[in-house]
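Given chain G, work out where chains Z, P and A with the ligands should sit, using these hints.
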Amino acid sequence: MKARCPECDAEVKIPDDVIIGEIVSCPDCGQELEIVEITNGSVKVKVAEVEGEDWGE
Amino acid sequence: MKARCPECDAEVKIPDDVIIGEIVSCPDCGQELEIVEITNGSVKVKVAEVEGEDWGE
Amino acid sequence: MIVIKMGGDIVGSGSLSPAIIDDIKKVSEEQKIALVHGGGDEVTRIAEKLGVPQTFVISPEGIRSRYTGRETAVIYAMVMAGMINKGLVVALQKAGINAVGFSGVDGAAIRAERKKRLIIIDENKRKRIIDGGYTGKITSVNSEFLFLLINGGYIPILSPIALGDEAEILNVDGDRAAAYVAGALGADLLLFLTDVQGVYLDNTIVKKIDADKVSELLPRIGQGMEKKILAASEAIKLGVKRAVISSGFIDHPVTSVLSRELGTVIF
Amino acid sequence: MIVIKMGGDIVGSGSLSPAIIDDIKKVSEEQKIALVHGGGDEVTRIAEKLGVPQTFVISPEGIRSRYTGRETAVIYAMVMAGMINKGLVVALQKAGINAVGFSGVDGAAIRAERKKRLIIIDENKRKRIIDGGYTGKITSVNSEFLFLLINGGYIPILSPIALGDEAEILNVDGDRAAAYVAGALGADLLLFLTDVQGVYLDNTIVKKIDADKVSELLPRIGQGMEKKILAASEAIKLGVKRAVISSGFIDHPVTSVLSRELGTVIF
Ligand SMILES: [Zn+2]
Ligand SMILES: [Zn+2]
Numbered sequence: 001m002k003a004r005c006p007e008c009d010a011e012v013k014i015p016d017d018v019i020i021g022e023i024v025s026c027p028d029c030g031q032e033l034e035i036v037e038i039t040n041g042s043v044k045v046k047v048a049e050v051e052g053e054d055w056g057e
Numbered sequence: 001m002k003a004r005c006p007e008c009d010a011e012v013k014i015p016d017d018v019i020i021g022e023i024v025s026c027p028d029c030g031q032e033l034e035i036v037e038i039t040n041g042s043v044k045v046k047v048a049e050v051e052g053e054d055w056g057e
Numbered sequence: 001m002i003v004i005k006m007g008g009d010i011v012g013s014g015s016l017s018p019a020i021i022d023d024i025k026k027v028s029e030e031q032k033i034a035l036v037h038g039g040g041d042e043v044t045r046i047a048e049k050l051g052v053p054q055t056f057v058i059s060p061e062g063i064r065s066r067y068t069g070r071e072t073a074v075i076y077a078m079v080m081a082g083m084i085n086k087g088l089v090v091a092l093q094k095a096g097i098n099a100v101g102f103s104g105v106d107g108a109a110i111r112a113e114r115k116k117r118l119i120i121i122d123e124n125k126r127k128r129i130i131d132g133g134y135t136g137k138i139t140s141v142n143s144e145f146l147f148l149l150i151n152g153g154y155i156p157i158l159s160p161i162a163l164g165d166e167a168e169i170l171n172v173d174g175d176r177a178a179a180y181v182a183g184a185l186g187a188d189l190l191l192f193l194t195d196v197q198g199v200y201l202d203n204t205i206v207k208k209i210d211a212d213k214v215s216e217l218l219p220r221i222g223q224g225m226e227k228k229i230l231a232a233s234e235a236i237k238l239g240v241k242r243a244v245i246s247s248g249f250i251d252h253p254v255t256s257v258l259s260r261e262l263g264t265v266i267f
Numbered sequence: 001m002i003v004i005k006m007g008g009d010i011v012g013s014g015s016l017s018p019a020i021i022d023d024i025k026k027v028s029e030e031q032k033i034a035l036v037h038g039g040g041d042e043v044t045r046i047a048e049k050l051g052v053p054q055t056f057v058i059s060p061e062g063i064r065s066r067y068t069g070r071e072t073a074v075i076y077a078m079v080m081a082g083m084i085n086k087g088l089v090v091a092l093q094k095a096g097i098n099a100v101g102f103s104g105v106d107g108a109a110i111r112a113e114r115k116k117r118l119i120i121i122d123e124n125k126r127k128r129i130i131d132g133g134y135t136g137k138i139t140s141v142n143s144e145f146l147f148l149l150i151n152g153g154y155i156p157i158l159s160p161i162a163l164g165d166e167a168e169i170l171n172v173d174g175d176r177a178a179a180y181v182a183g184a185l186g187a188d189l190l191l192f193l194t195d196v197q198g199v200y201l202d203n204t205i206v207k208k209i210d211a212d213k214v215s216e217l218l219p220r221i222g223q224g225m226e227k228k229i230l231a232a233s234e235a236i237k238l239g240v241k242r243a244v245i246s247s248g249f250i251d252h253p254v255t256s257v258l259s260r261e262l263g264t265v266i267f
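Chains as they are written, first to last, in the working numbering: chain G, 1 to 57; chain Z, 1 to 57; chain P, 1 to 267; chain A, 1 to 267.
Heads up, a few of these hints could be off.
Now the stretches of chain P that chain Z is said to cover, found in silico as 3 or more residues with beta-carbon under 8 Å [said to hold, decoys possible]:
| # | stretch |
| --- | --- |
| 1 | 39-47 |
| 2 | 90-104 |
| 3 | 110-121 |
| 4 | 128-137 |
| 5 | 172-185 |
Taking CB as the label site, the calculated pair distances span [said to hold, decoys possible]:
| # | chain 1 | residue 1 | chain 2 | residue 2 | range |
| --- | --- | --- | --- | --- | --- |
| 6 | A | Ala19 | P | Gly62 | 46 to 52 Å |
| 7 | P | His252 | G | Asn40 | 55 to 61 Å |
| 8 | P | Gly62 | Z | Thr39 | 31 to 37 Å |
| 9 | G | Ile19 | P | His252 | 48 to 54 Å |
Because the hints were derived from the structure by calculation, they are not lab data.
For glycine and all other residues, C-beta sits at the position ideal for the given N, C-alpha and C.
Just chain G, with the same shape it has in the complex (with noise of 0.2 Å):
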């Protein structure tokens, strides 16, 4: 499957066993992907909103 990156518009290539909720990198820009539909082999991504890392005790 593919998806075009929302920040340079390169194509990304998406493993087909990708589940939602999983991060790919865009190749060009290295920009973080989250996965947040796939339907009838096609995939919808968003740039994934990454949160500082403070996960506790």
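Frame of chain G; chains Z, P and A with the ligands shown alone:
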């Protein structure tokens, strides 16, 4: 077995299967007596010091 | 100043009904307030889950109490001060009540003397002395510490734990802890929120009990209530104006007691 | 003002070495002091005993952390604020140190924002977003509350728990909690008492680290220490004069750091 009440000097009957820490009452004055020693068929008693009831949650 | 004791039925594992929260908020806007909670059943539940079976002993007067061994004392503090207390604090904070939860060991808020020995009725129905474990008789309350928080705008919520003479963690009865706290703070009212409407005698609620005449009444009252009446009368002797035993499961369980006659008043 | 963070190795299930207690007492007679503790391993131990297996997740940077689900959050508060915290309070009280133990939910002492989502590396080594559970990023410290206690003559000892925006109980990193507390109190020193002598680099202790140059160093440092250095540099940015990472297992672990160069200083 028998013991003497330290309060009123009455004779107090003690069951044969008594254990250390057990409390017996003096039949004359009602004083509670604690068994503190058991040796060869004789027992030592002392006046039991009772603390108020306040055993928590 | 009002002190409210909320028993295990009211606080469960650390939650409160909206009716109680709303009422505490309303009252806290008008006067000073301090809270004390119970929760013995939850201690038992967690202790047994942790593989520490709880033993209960019977006093010569027939009162059944937890035997607090060393291991149980740690679990007791954990459940009371960590689970129930913090659950209540967040429930109150969520409503905008600036609660501060702590126990009697903090700031030596409640000091007690460890009971070295207990007299129990053993399985053969004979009286026997056993090691006292970790329960205590309250000797003092650090009212300065409590007032520091209260006058600073916070609402203290206390777990029934006391600091022993050798800095042991001691299990103390929540009703009695509330009585001592109310006495130390010079409270106008000590309110026991329970799961019943008041003290029942021959199926009727007793409206008023004179603290000096409690001993006549006790033999005719059930166990749990007996402890509460004793604590209430102790509070009166410590200078609290009145104590009320009332239901925590009605609308406005706190303000109702303030505005009209409800439950059983000990004076 | 000194803030001391005592990690899980130092506090165990709520005890302290006499060396640390003596030193805290000595320092407390000369200046103001606040304590923050850790204890994640104890949380794991009790949670598993209670039949709540603990899950750990790995961040893209390789940091392994507890996944704090709803049930775990309750146990976390119970163990931290009930067992470890109260164990420390009585250990300090026994030495005549008037400690007051509480958590970040009490008096809203530490507020945090719940992390709604986390990015982890899953079992197939792929990055994935999961629900954030109950961990938070600290947003503020109620220094007024802390000063109320400190100026009242008490020594606060804080559990690493924060109050979320919706009054959730949140698991926050103890090192970072200590950094924010130290910042809010304008501490001269934030001391991390650990089980090592300081930060090691190529088998030698690093004497000094410039807080602005921490990022260059991090890739060469082990995980647990990395968190501590980040927290230390954060404290410096929040206005703390210096942070020291040093051993809690030496004689005079606190006063030694005050009187001579010891451990690793972050400035
Ligand atoms: Zn791109
Ligand atoms: Zn006699």
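### Task
Taking the numbered hints from earlier one at a time, note which ones the structure violates and give those numbers from smallest to largest.
2
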